[in-house]
Amino acid sequence: MTHADALRAELVRAARTLGAPDDVAPILERPRDPSFGDWATNLAMTLAKPLGKKPREIAEALIAAMDTATVGVIAAEIAGPGFLNFRLDPGFQARGLLAILEAPHAFGRLDIGHGERVVVEFVSANPTGPLHVGHGRQAALGDAISTLLEYTGWTVDREFYYNDAGAQIANLAKSTRAQVRALGGEPLDIPEGGYHGDYIREIAERYLADHPGDAAGDDLAAMQAYAVAALRHEQDLDLQAFGVKFDTYYLESSLYTDGSVHNTVEALKASGHTYEEDGALFLRTTTFGDDKDRVMKKSAAKGGDYTYFVPDVAYHVTKWERGYRRAINVQGADHHSTITRVRAGLQALNIGIPQGYPDYVLHQMVTVMKGGEEVKISKRAGSYVTVRDLIDEVGRDAVRYFYLMRKGDSQLVFDVDLARSQSEENPVYYVQMAHARMCGIFRVGEIDAATVTGRDVDLSVLSEPAEQELVKQLLDFPATVKGAADHLEPHRIAAWLLETARAAHTWYHKHHVLGEPEAITRARLVLARATQLGIAAGLRILGLTAPERM
RNA sequence: GCGCGUGUAGCUCAGUUGGAUAGAGCGUCUGCCUCCGGAGCAGAAGGUCGCAGGUUCGAGUCCUGCCAUGCGCGCCA
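So the number in the working numbering is just where the residue sits in the first sequence, counting from 1, plus 16.
For the record, the hints were derived by calculation from the structure and aren't laboratory data.
Any given hint could turn out to be false.
[Claimed, not checked] Derived SDA-like pairs: lysine to any residue, alpha-carbon spacing no greater than 25 Å straight-line:
(1) Lys65 to Ala77
(2) Lys69 to Leu34
(3) Lys314 to Thr273
(4) Lys488 to Leu34
(5) Lys190 to Leu34
(6) Lys423 to Val333
(7) Lys314 to Arg341
(8) Lys498 to Gln380
(9) Lys285 to Ala237
Required output: the full structure, derived from the provided sequences and hints.
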């Protein structure tokens, strides 16, 4: 239990003696102005109505009813309309750091998930080209969300869904054939909706080298398999460079071969939510909130294929059947329209899947600026910036941090030139430097950091404002983790890291650890160690390294 | 037109679910290097939180209507 939890519990106890409702849940906040104290609550104001008294009167009664000493409060004041401001004993507060030293890997961990399984699906790029910057945002976001969930007690599987069936793959195959035949001397004739990137020609060249018997480009199935394999391999290399690992790769094609698509269609028909019109099979998605009903199976005149959302529904049924009671899909906002349809399909099956299944985390588009101009991303036109381009130019850690330092639901402008030119002023270096500096203290002092336990150390000497600021910042980590996990917003961790790094640099610059009187050095080593471990924990959640020197 | 987002400092963005005098980075300006690493530090300037109403003790945050902007709206995926 953190000291904030203890204070909150004491507030609840005191409030109940005044007749507050049983479900009273005081909110503790850091006052904007540190001179107000360490914690503030508006509890007295929220109790004004139920208790029928003035906020300030309630505040006074609360203070009187509290056993302040046991929760480290040395001063309690009433301010403004009825805020309660608490000042904590610095030594009491600093002892909260011991939790970090004792169990570094447990710091900030929570057990919200109780070990339940959750599947996080992200990237899920069609194997029709390299991963571009939009996929990069998903990779960073999905991986960090997964780690956050693991940190808060869930058993997480990271899943990549391969759309290796359907029209786009057919286009890929035909585009490859066009390049193969062009290499044989025919005019290049890329089909309507085909892919124009140079990488297709490279694949065609390798195909010819590996398949001397098909110089004419007649074996479309072989070319399709070859191109898909080649692009999957490329994507794997991209992900490897980015340090993202998946637990499962789910192939759309398997949904056809194992009968899932067929079974899903039959189950939907049996549910009574389908109908035929103009020779096509429709699902009545409007029953479940959609704008209009959607075609499941095209009419014979249009080829008689299933539309994309049928395998999508079948796929999500497998998530449920594979035992995931929680599923999170990280996708670009351009896939927004699929949400209603997939959920409608799952509801129509009426097999006990809850309405909000699966969860979606949508991120807005990434636009790329290069040379002061926006680069239009189009795989088919062959112009894009790949994830690997970015990693090569600014480094894996910087790319990850850039993607994660902002909320997913606002548009991200990735200025490649800026990212590159800023590489020395990049916030990620600022954060990592703070970690390296703490390591440096132990290196120079020739102290094994792991031996710093904080036991028998008087932490009340950490009385400088910069020290107390850093202590408070570090102790906010668990609440930050909880907020980030609850809202699936890793950028809160990035913001915490930046603020912690700032507090650490300020402290480091103002005060020395080594060469001070022994009592001070011992206490400051505890703070340095806690800072080192805290920043490392935050970096780990975001998938960044915590270098010991830079 | 409809749906989902976004609009906060010159630029890029935070803002702890409705709290006190709205914050940070970059950029600009002024000072700091014999130091556990200056990849840094201290400070300054910079705001009609898109606009207008509403809800209440209290609104950047919630509601309504406008304006601007991104994405989606196919028997494409």
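Evaluated hints:
About 15 Å separates the Cα atoms of Lys65 and Ala77, which keeps this hinted pair within 25 Å; it holds. For the proposed pair Lys69 and Leu34, the alpha carbon gap of about 11 Å is at most 25 Å, so the pair holds. Between Lys314 and Thr273, the direct Cα distance comes to roughly 20 Å. Compliance with the 25 Å bound is thereby established for this hinted pair. Restraint check for Lys488 and Leu34: not satisfied, since their Cα atoms lie roughly 30 Å apart, outside the 25 Å limit.
For the given pair, Lys190 sits about 76 Å from Leu34 by alpha-carbon distance, which is inconsistent with the 25 Å threshold. Of the pairs offered as hints, the one joining Lys423 and Val333 is violated, with about 30 Å between alpha carbons and a cut-off of 25 Å exceeded. At roughly 32 Å between alpha-carbon atoms, Lys314 and Arg341 are farther apart than 25 Å, so this suggested pair is violated. A threshold of 25 Å between alpha carbons decides the hint, and for Lys498 with Gln380 the separation of about 24 Å falls inside it, so the pair holds.
For the given pair, Lys285 sits about 32 Å from Ala237 by alpha-carbon distance, which is inconsistent with the 25 Å threshold.
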